[in-house]
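A.B. asks: Here is how the chains run, residue by residue.
Number of protein chains: 2
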Amino acid sequence: MKVQQMTRLERIAALVAFTTLAACGGRNSEQNGGGGAGSDVLALMQTRGLSEQDVTAALKTYTPTGKHDEYYTFASGGHGGNLIVIGVPSMRILKYIGVFTPEPWQGFGYGDESGDVLTQGNRDGLTITWGDMHHPAFSETGGEYDGKYIFVNDKCNPRVAVINLSDFVTQQIVSSQLIASEHGSTFVTPDTDYVIETSQYPTPLGGVYAPIEQWNEKYRGAMIFWKFDKQKGRIVPAESFAIELPPYMQDLADCGKKASDGWVFCNSIDTERAYGGILEGKPPLESGSSQNDMDYLHCINWRQAEQVAKAGKTETIAGMRVIRMQTAIDEGLLAFVPEPKSPHGCDVTPDGTGVVVGGKLDTHTTVFDVAKIAAQMKEKKYVGKDPYGVPILDFKGSIFGQCEIGLGPLHTVFDDKGFAYTSVFIETVVAKWSLKDLKTVQKIDTHYNIGHLVTAEGDTVSPDGKYLIAMNKWSIDRFSPVGPLLPQNFQLIDISGDSMQLLYDMPLPLGEPHNAQMIKADKIKPIDVYAIGHNPATHEIDPNMTVAGKERIERKADGVHVYMTAVRSHFTPDIVRVKEGDKVFLHVTSVEQARDATHGLAIGGQNINVSLEPGKHCNIEFVAGKAGVFPFYCTEFCSALHLEMAGYLLVEPK
Amino acid sequence: MKVQQMTRLERIAALVAFTTLAACGGRNSEQNGGGGAGSDVLALMQTRGLSEQDVTAALKTYTPTGKHDEYYTFASGGHGGNLIVIGVPSMRILKYIGVFTPEPWQGFGYGDESGDVLTQGNRDGLTITWGDMHHPAFSETGGEYDGKYIFVNDKCNPRVAVINLSDFVTQQIVSSQLIASEHGSTFVTPDTDYVIETSQYPTPLGGVYAPIEQWNEKYRGAMIFWKFDKQKGRIVPAESFAIELPPYMQDLADCGKKASDGWVFCNSIDTERAYGGILEGKPPLESGSSQNDMDYLHCINWRQAEQVAKAGKTETIAGMRVIRMQTAIDEGLLAFVPEPKSPHGCDVTPDGTGVVVGGKLDTHTTVFDVAKIAAQMKEKKYVGKDPYGVPILDFKGSIFGQCEIGLGPLHTVFDDKGFAYTSVFIETVVAKWSLKDLKTVQKIDTHYNIGHLVTAEGDTVSPDGKYLIAMNKWSIDRFSPVGPLLPQNFQLIDISGDSMQLLYDMPLPLGEPHNAQMIKADKIKPIDVYAIGHNPATHEIDPNMTVAGKERIERKADGVHVYMTAVRSHFTPDIVRVKEGDKVFLHVTSVEQARDATHGLAIGGQNINVSLEPGKHCNIEFVAGKAGVFPFYCTEFCSALHLEMAGYLLVEPK
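Protein chains in written order, with my numbering: chain S, 6 to 659; chain X, 6 to 659.
Only chain S is shown next, with the shape it has when bound in the complex (with noise of 0.2 Å):
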């Protein structure tokens, strides 16, 4: 039966052949009464209160056993510090990834290397257990996500992290001592060349002192260009870069593409270089920042930048190259154009024509000329210079219009349509708006105050349109209550038709998303099992692995080492014999090869859990403090005598 070859009364007489099976509670109706499971319809719209287009809503979300979505968005934890794997269009959440905080489920930063990455990203010797997770970024080739790795930052401590799509897992955490926060990050050039961090609240460049009396001459802000090895996966500090910058307050960035490929963009709050000081007589930072009428929006040619860099024309501070302002202006390649006052949105557009601002202060979005931008620079065509020298292009003659869009734009994102959706906060609606004529085609409400926005391949050079999520701060009465801490809701709108339609909301248990990206879900192609051995922290087979009939306890000059398999039901060897104080490493393979056959190793009294997908190997190292008897276990529920798969480490007094 095709629907398109049906007329419409073949329809509805169809329709009504389903619906009465259904009322009749479908295959299983011979068992069925006439209660709860064989309610028809219509029955279950009133009963359940749903309108004509909740039905529709339900039936474009529900996705039933067995069958799988069509995008995956990740989406930002925010000051969870994890990562937020979901479906669309279902919006049931797939995975948590653990990347700046310890989460033992998986086993991150609870024994094995894992706590090695989380170690990486400590700060001046300080460990940080946590971060603010703002913006993700995939890795594009060719200006589309290539599926392949994640980025994330913190802002709080300024770091970014990449994460493995391969296993979802974390690999690396880099940080520079050279600013101390950050807001501008993560966002990737269109091969993936370098992932962007851009610093927030100034501060004295590499962490020292200085009071901040001496905000216009000591503080700055930085651009940090991590490059990137896509062959390795890695970050590699040594060949990343940064740009100096005044101490405004750098905001959010973009990289450009296609007809802007080259460039980056990025806006600035606080070109007033107010910062606060209430209880010393001054205005708080949120009306001090706000009283220019216009900010700047920042543009950096990074192709001349890398050139700079590898020239060598760079002072390196914290371990960084860093690219002076001066030498940036020197150079030509940064340049700054007034915006809207106190921007947050920076996006281009998907042929990379456009830089689209929204100004929270402000009703509209904005739309930047990178043509005329960069016509303008090249012909060294200024209206004057900021207090640091840094050229100022005409705001007018770089932009391509306006668009009135309703009070407090924030993000824009982009359909496959010409059409741009813009969130704005204090309406708090998404606004449907063409690109081409800069007129506003529908809002749609939301609850409550969105932030960000995000369409299916939205960041893309060429994206799907279909859904958008709008990923609102604040839930208020939304979801059954849970105390003074309430769930962000995403609402998930159905944008493919010329009206955009509500059809879903979810909360968000646990974590605070900025922003997310959505990309198809077959351009993510994890693997099932690792191969029996293989470390996830080096992605070889590890050398001290070990198979069945292997196994084995051996004293060295080190300590004790053990060489263990786990396989159901058991731990070989599931008796460790040690002494008070001695060090012991334990290392771990399970040689399991079937899908979801996971197990975990948890160590009484000494902290430990272990995550052991099918395959893996991990290292542990610990020291045994203390004599007494420990049982250790599996605490994956693995089989039928999982609970009988334990062991004993016994350490026996000095």
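Treat each hint with caution, since some may be false.
If chains are identical, the list can't say which one is meant, so a pair holds when it fits in one copy or spans any two.
Said to hold, decoys possible - Below, simulated EDC-like cross-link-like pairs (lysine to aspartate or glutamate); rule was C-alpha separation at most 20 Å, straight line:
#1 Lys588 <-> Glu556
#2 Lys235 <-> Asp196
#3 Lys223 <-> Glu657
#4 Lys346 <-> Glu585
#5 Lys659 <-> Glu218
Source of the hints: derived by calculation from the structure; they are not laboratory data.
For clarity, every value in this text was computed on a predicted model and none was experimentally measured.
Mind docking chain X on chain S? Use the hints.
C.D. replies: Frame of chain S; chain X shown alone:
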């Protein structure tokens, strides 16, 4: 229009009208074209591959924007160490509550007093930063969930936590060094006099060392009765006691109710007293512990035990009053009944007359008859003793009967119509059977490897029926792949009709739930905001709270005290000047009272992030150990000028 008053023909006519309306896109039909959003139900069924049953399931679970769920399910997070709150029937996760694992979004363990709750859970001086949570239990009044508190356990480092459902915050963690692991926890007595925690892997009591070869003589199990003070919402360790048990592996427990009030029942495995030793030539525990045909159901009269403890017939070990095994035997408060091999579930029926046990290597559920057990114990009618002198009752004389279920019965839950539902692990089904005539009436497939299962209000004296959740340990191919570590799968099943119907597959994105409890939504009544200055750690107005206009910085003998307020969109003070090495005390009050107007406070470089829900006060202590300039800012997107809600900690060099 009322469904019940309509004829069948009228219903079909109305349905066609509704679905035709839906086909035109409902209220927005004028704006809709022929595509996407305007598709009709039939087309959606075809496009998305939905069966008639899927349509029914979608409409039974879809919960439109702003509508709330009927039930809350609280599921343990397994070795994630957190508690998962889920709406039913939408199966949306509403919150992850940090319990044993620090969680920065909630600010749990990241600088304020919440860290002291985690520290309470340290064992023997060692910091433990995770937990393996298995079995949540609501506080009860008269055998009904009262919605005030929920208790959870940590299997690995035996601990019990109390979560206050007024604010969904973990309030207390208790632990006893008496035991070194547990599993049969938490279960509460019908008026929450006690929270029960039972050891799993035997160890010498009190955390001392003994060679494993002295298992029979020196290794022991124990059941701890943690006294709960309902008024204060706290466990009182000094009023708690334990009962020493033989070195079998005690497993799940359940408290008697109504007919069996005053009793507690607990399974055991490994009555063989095997403890592995594979490399030492012994069989793995999984086979060593599966030799006997029967294990022992432990029957304990806790009201009698309470009197024995009150009478001082205890010995104090590691600070815990312990009723020695011989005392328990002498007092006649402990007896064993043979139970099917390697049992797992142990579930008291709603009327309290029966205890259902599933022997996981058996094909039956066995219903023990509490009246028969009690009568035999009263009459001292024993058929033998175990090696420790514990009296053994006759199996056949202690049961009501057995029900043929299938291979691998685990746990059993109940509905409001006299049916029991048992998870059958190896067969991977839910079996519905009649408690009255012990006949299986239906089985429904689960995907895959079901562990626990839960029904609405299922562990009370008056279950609701309606919904059942199958908690499946593996998901394999059910969801879009996310690497080798896969989510688990909660399957929502409609049990309101005669026949069970699968409604929804829900991936668990973080943690490995074991058990859950499902409560009527209207029993949960959390507060919306705190009174200004309320400290959730004490549930009192904090003596250090501050109001607007009274903010100040005071240098005292012990360090720099900062009395700070937070309000949209600034902290006062926003500049904090200290000297390198100063101890800093931040006393922070949110003076917000609007629901959901939450702020966060993160300080760069100090590993601090607290959550400031409206009205909340918290106190933060840290040492400014390094000179430099450290921005602090609000981590919860609170307003249009949220990014400007920031300040500076200036640490001047010595």
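A.B. asks: Are the hints correct? Go through all of them and say.
C.D. replies: Against the structure, the hints come out as follows:
no. : hint              : verdict
1   : Lys588 <-> Glu556 : within (19 Å within a copy, 51 Å between copies)
2   : Lys235 <-> Asp196 : within (9 Å within a copy, 61 Å between copies)
3   : Lys223 <-> Glu657 : between (59 Å within a copy, 15 Å between copies)
4   : Lys346 <-> Glu585 : neither (65 Å within a copy, 37 Å between copies)
5   : Lys659 <-> Glu218 : between (59 Å within a copy, 19 Å between copies)
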